[in-house]
Amino acid sequence: MELDEILRSLELHKIDSAQARKMLSLYSIEKLENLVRLDVGRAHRRRVPEVILAESKQLSDIKLIIERHTLNSLMISRIKSDVIDEVISFSKSLGYDMDTGQNCSSILLWRKPLTPTSGLVGILTAGTSDIPIAEEARLACKAMQCDTICEYDVGVAGLHRVFPALKEMIKAEADCIVVAAGMEGTLSTLVASLVDIPVIGVPVSVGYGYGSGGTAALSSMLQSCALGLTVVNIDGGVAAGAAAAKIAKHRICKAD
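Under my numbering, think of the first position of the sequence shown as 992, with each following residue one higher.
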C-alpha cells in the first residue's frame, strides 16, 4: 500500500491508528524473500522512483519483484535480451501498462496513468547509437511525471541538424536539456554554449580504438569549456533523467 493510501485509509477510518503505525513502520523497506529490499519510500522521500537494475538478475527474481511491487510505477533497466520478451509478457499478464522505449532494454511499468504534472526536459542524442541511453533518461523523466521533448541523431558530424532541434526546445520552454553523446562527446559542450538552461551531458560507450568505451566522451565533457555543463557517469541515462526531472520540477516550483 502506498503512503497516500495509508493516510487516506486512516482518514476514512478504514484502519485505526495502531494499524496505520504498523503499516508506516513497514513502509520504507519491503523485503522480498531474502532477495531484495525495495525502497518503496524513495519516491516520497526523494521524488525519484524505484529503479531495478536487471542485467545481473535472474528472470525469476525479476518476476518476483514485478509481482510484489506495491507502488504505482516501476522502472526496470538493462534487461538481458534473452528474457526481455518474457518480462514484458509477464508484466502485461499482471495488468501493467508499459513503455518499452526505443531501441532500449529498459521498461517502465505503471498501474495508474503517469500524467505529466510539471516540468519539461529536452533530450538530444548525437547519433542513433546513443538512443538507448537517451531513452533511459526519457523513461526516468516519465516515471517522475515530467514531460519530455526528444530529438535524436543531431550530432556535430552534421552540425546544422542541432539548431532546429534546439530552437524547438527553447520555444517549448524546456527547463533542462540532457545530451547523450558517444565518440568524442562534443555535442554536450556545443549545446551548453548555446542555451541559458541547465545541460546534463551523458557520455555514451560508443566508439572504438583509443578512448573507446565512453572514456573519450567522458574526458571531453569533464573538461568542457562551456561553464555549467553537468556530467554523469558513462551510460548514466537513468541518473541524467532523474536529475533533469528534479531540476525541471524545481524550476517550475520556484517560478510559481
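These are computed hints drawn from the structure, not numbers from a lab.
Since the model is a prediction, treat every value here as computed from it, not as a measurement.
Cβ coordinates follow ideal geometry from the N, Cα and C atoms, glycine included.
Some clues are possibly wrong.
Claimed, not checked - Listed next, the in silico DMTMM-like pairs over lysine to aspartate or glutamate satisfying Cα-Cα at most 25 Å (straight line):
{"id": "1", "residue 1": "K1103", "residue 2": "D1090"}
{"id": "2", "residue 1": "K1103", "residue 2": "E1002"}
{"id": "3", "residue 1": "K1158", "residue 2": "E1142"}
{"id": "4", "residue 1": "K1103", "residue 2": "E1159"}
Claimed, not checked - So the derived label-pair ranges between C-beta atoms look like this:
{"id": "5", "residue 1": "K1005", "residue 2": "A1217", "range": "39 to 45 Å"}
{"id": "6", "residue 1": "S1203", "residue 2": "L1003", "range": "57 to 63 Å"}
{"id": "7", "residue 1": "G1149", "residue 2": "R999", "range": "38 to 44 Å"}
{"id": "8", "residue 1": "P1155", "residue 2": "K1083", "range": "34 to 40 Å"}
{"id": "9", "residue 1": "G1086", "residue 2": "Q1214", "range": "34 to 40 Å"}
{"id": "10", "residue 1": "N1224", "residue 2": "L1150", "range": "37 to 43 Å"}
{"id": "11", "residue 1": "S1051", "residue 2": "L1218", "range": "21 to 27 Å"}
{"id": "12", "residue 1": "D1073", "residue 2": "Q1214", "range": "36 to 42 Å"}
{"id": "13", "residue 1": "Q1010", "residue 2": "E1164", "range": "41 to 47 Å"}
{"id": "14", "residue 1": "D1076", "residue 2": "A1009", "range": "41 to 47 Å"}
{"id": "15", "residue 1": "G1200", "residue 2": "L1055", "range": "19 to 25 Å"}
Comparing the hints with the structure gives:
1. Distance check on the hinted pair: K1103 and D1090 sit about 13 Å apart at the alpha-carbon level, within 25 Å; holds.
2. Straight-line distance between C-alpha atoms of K1103 and E1002 comes to about 22 Å, which keeps the hinted pair within the 25 Å bound.
3. With a CA separation close to 11 Å, the supplied pair K1158 and E1142 stays within the 25 Å bound.
4. Between K1103 and E1159 the alpha-carbon distance is near 30 Å, which puts this suggested pair outside the 25 Å criterion.
5. Judged by the Cβ atoms, the range 39 to 45 Å given for K1005 and A1217 is violated: they are separated by roughly 55 Å.
6. Roughly 59 Å separates the CB atoms of S1203 and L1003, a value that falls within the hinted 57 to 63 Å.
7. For the pair G1149 and R999, the supplied restraint of 38 to 44 Å is violated, since their beta-carbon distance comes to about 53 Å.
8. For the pair P1155 and K1083, the supplied restraint of 34 to 40 Å holds, since their beta-carbon distance comes to about 37 Å.
9. Evaluation of the 34 to 40 Å hint for G1086 and Q1214 yields a failure: the beta carbon distance comes to about 49 Å.
10. At about 27 Å, the CB distance of N1224 to L1150 disagrees with the hint of 37 to 43 Å.
11. The hinted window of 21 to 27 Å between S1051 and L1218 is violated, with their beta carbons roughly 49 Å apart.
12. The supplied range of 36 to 42 Å is met by D1073 and Q1214, whose beta-carbon atoms lie about 39 Å from each other.
13. The hinted range of 41 to 47 Å is satisfied by Q1010 and E1164, whose Cβ atoms lie roughly 46 Å apart.
14. One distance hint, 41 to 47 Å for the beta-carbon pair D1076 and A1009, holds here, with the actual separation near 45 Å.
15. As the Cβ distance of G1200 to L1055 is approximately 42 Å, the hint placing it in 19 to 25 Å is violated.
Comparing the model with each numbered hint stated earlier shows that hints 4, 5, 7, 9, 10, 11 and 15 do not hold.
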